[in-house]
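Participant: Sequences and hints are given; from them, build the entire structure.
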Amino acid sequence: MVYENLAEKYRAIKYGDFIGQEKAILEIKAFLHDFPKKKGIILHGPAGTGKTSLALAAAHENNLEVFELNASDTRNKAKLEELLKPAAQQQSLFKKGKIIIMDEVDGVTGSDIGGIPELVRILEVAKHPVIMTCNDIWQSKLAPIRQMCTLVEMKVLPPASMVQLLQKITIKEEVTKDLTTLQQLAIKSQGDLRAALNDLHSYAHTDSKIDTTERRDIEENIFNILRRLFKERQDFLDLFDSTKLSLDEVLLWIEENIPREYKNEALVKAYTALSKADVFRGRIYKNQFWRFLVYQNIFQSAGISYAKPAPQSGFTPYQAPKRILKIWQHNQKIIQKKSIAKKYALYAHCSIPRALRDFEIIRHIIKQPGVQEQLKLNEDEVAFLIK
Amino acid sequence: MSQSDIWTEKYRPHTFEEVVGQQEIIKRVRSLVQAMNIPHLMFAGPAGTGKSTLALITVKQLFGEAWKENYLELNASDERGIDVIRQKVKDFARTRALENIPFKVIFLDEADALTKEAQQALRRTMENYTNTCRFIMSCNYSSNIIDPIQSRCVVFRFKLLEKKDVLEVIKRIAEKEKLKLTPEALETLYEASEGDCRRAINLLQATASIALDINAEMINMISSSNKPTGVRIVLDYALAGDFLNARDKLLEVMLKESISGQDLIKIMQKEIWNLPIEPEVKVRLTEKTGECEFRMTEGSDEFVQLQALLASFVLAGQGKAL
Chain A
0 MVYENLAEKY RAIKYGDFIG QEKAILEIKA FLHDFPKKKG IILHGPAGTG
50 KTSLALAAAH ENNLEVFELN ASDTRNKAKL EELLKPAAQQ QSLFKKGKII
100 IMDEVDGVTG SDIGGIPELV RILEVAKHPV IMTCNDIWQS KLAPIRQMCT
150 LVEMKVLPPA SMVQLLQKIT IKEEVTKDLT TLQQLAIKSQ GDLRAALNDL
200 HSYAHTDSKI DTTERRDIEE NIFNILRRLF KERQDFLDLF DSTKLSLDEV
250 LLWIEENIPR EYKNEALVKA YTALSKADVF RGRIYKNQFW RFLVYQNIFQ
300 SAGISYAKPA PQSGFTPYQA PKRILKIWQH NQKIIQKKSI AKKYALYAHC
350 SIPRALRDFE IIRHIIKQPG VQEQLKLNED EVAFLIK
Chain B
0 MSQSDIWTEK YRPHTFEEVV GQQEIIKRVR SLVQAMNIPH LMFAGPAGTG
50 KSTLALITVK QLFGEAWKEN YLELNASDER GIDVIRQKVK DFARTRALEN
100 IPFKVIFLDE ADALTKEAQQ ALRRTMENYT NTCRFIMSCN YSSNIIDPIQ
150 SRCVVFRFKL LEKKDVLEVI KRIAEKEKLK LTPEALETLY EASEGDCRRA
200 INLLQATASI ALDINAEMIN MISSSNKPTG VRIVLDYALA GDFLNARDKL
250 LEVMLKESIS GQDLIKIMQK EIWNLPIEPE VKVRLTEKTG ECEFRMTEGS
300 DEFVQLQALL ASFVLAGQGK AL
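Quick mapping for you: the protein sequence lines, in order, are chains A and B. Heads up, the first sequence is in numbering that gives the first Met the number 0, so the first residue is 0 and it goes up one at a time. Heads up, the second sequence is in numbering that gives the first Met the number 0, so the first residue is 0 and it goes up one at a time.
These are calculated hints, taken from the structure and not from any lab test. Since the model is a prediction, treat every value here as computed from it, not as a measurement. Check the hints yourself; a few may be wrong.
To be verified - Covered by chain A, according to a simulated footprint, are these stretches of chain B (three or more residues, beta-carbon under 8 Å):
#, region
1, 194-201
2, 205-217
3, 297-308
Glycine residues also receive a C-beta, built at the ideal position from the N, C-alpha and C atoms.
Facilitator: Below, the structure is given as structure tokens:
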């Protein structure tokens, strides 16, 4: 029998309870490790992806006392100040460290006097890590906070993983639901685990069919977006609004697939547009000119669509961006080379990139046993040199 | 300390007198050091011209035996961001210098690797610790350093070492290590070093690890193993219209050779003149190459920009107007 709210009952407690959020967990670990390099971290993503759970899990894993604050509780300056300052400014009397969790920061609106500027000030003075969650990080009002925090995107749980999870829960709750029902629940939820569990709860003891047509906002799949962008010829200024990928992620997808779709003049025009989008992306990051997102968007939407002289047809097999993965794989392969270069650089008063660039020359020198000793190379590194 | 087996360290000069080249700068820095009080210094110039060496000599002359306790070396292109640098500076500056000199010295190498924002933050750090610390900054181009920092430093501009100076250094080391170099080997070594004294010494030691009698071929063999290969193949694929392969090869070259886009594009720019295309097209491609390189220095994504440039090579290969 189901008595309590399933979403609360099965809330993830430890890092190990999360599915598909490895990257977010790594980033939150790094953030806590490096604190106070950055005072705050923002977990962002659609509803039901585990933002609040992950924040609480981080506290749990590190044995930190949680100071939780919902923006909806305290929507004005006086209250925020009263509630956050003492926690943020005083070191705990006891050994236990504190962590400030601020849910739904996008709920702090313009009408809450001082809301965002106050949050900025709190981040500046905070002595404890601040974890914030929000759905839409790209709202302009959040720009000042964005600059001060590490941004971590929470991934939407894919339907297959969600079905597996729902199966486990139905077994534990002794509810019998066939696979099709669970699949329908998963699809209907659009990756929102909380919604799926709430639905499961409400359907648990009925035999009614699940109405999958009641999807609220339909997320357009990136493949559909690419197909429209590359095949049709339109302004497409709102095209990327329907994806949950950020503009920078979309840029990588476009980059990967331009040559699969365009040839010759169209190829050059499309890359010219994309390279301009990238120039503005660089300026946004360098100078924090968030308004330039407009230009980045136009170049990578209309700019790409109009690169061809006429609409195209036919099927093109698009691929996910591979570059980042390739770089990562390569870095794994040369881990020893990098650690050797680091030891050499420190010893010989030069930078690591320089040591890497002249590595083939330096390799002959480091191979000598006396030098290996002076650099204190470990066995793995020596093995790499001889290889 | 036992003597180093790495020659760039073993033969690094310890006194102003031992330094080859840069005589004008040596004279001025020495007079500052003799007064036992230095302002913030900025050493601007190409790699391997003696910037780190002069910084080290400065602290050794100032602090004598105790130089290590009073000297912090940071490399801006290695440290993970300005916050790490500020923390290290803070920790280091907390204690006062031991000797009769009221300050410590921080050498910030490759300071131009810092963004403008990071430099602003650094400037505040310099102000905060100005009583207890002196900064020596090195950079390739002082124009990449913000004015407020430049104006707080005495700027010294290091020139590329003259050929005779590089050869002088090489000959000194060869004599002490009992090496024999043919005159051609000396020439080849200088050419391959591109005037970078560190690279020249490294090349000499790498070659000496194979033989004590050194000829030009041996030097060529070692130095060519360090030259990025494959850039021409990237361009050939693009000229033949095979963009996907050109792009894959481009990433492969960059990763395998550990070279940045900014290093790679210099090779591309030289290679344009060896391509089988019309001279006017070469000029147009060079223009695009220059724009691409400029964008990289501005902080654009190197790989996106390089792809855009490669796309132009596809058109050039078909003899079409760019």
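Participant: Determine for every hint whether it applies to the structure shown.
Facilitator: Status of each hint after checking the structure:
| no. | hint | result |
| --- | --- | --- |
| 1 | 194-201 | holds (count 3) |
| 2 | 205-217 | holds (count 4) |
| 3 | 297-308 | holds (count 9) |
Comparing the model with each earlier hint shows no violations; every hint is respected.
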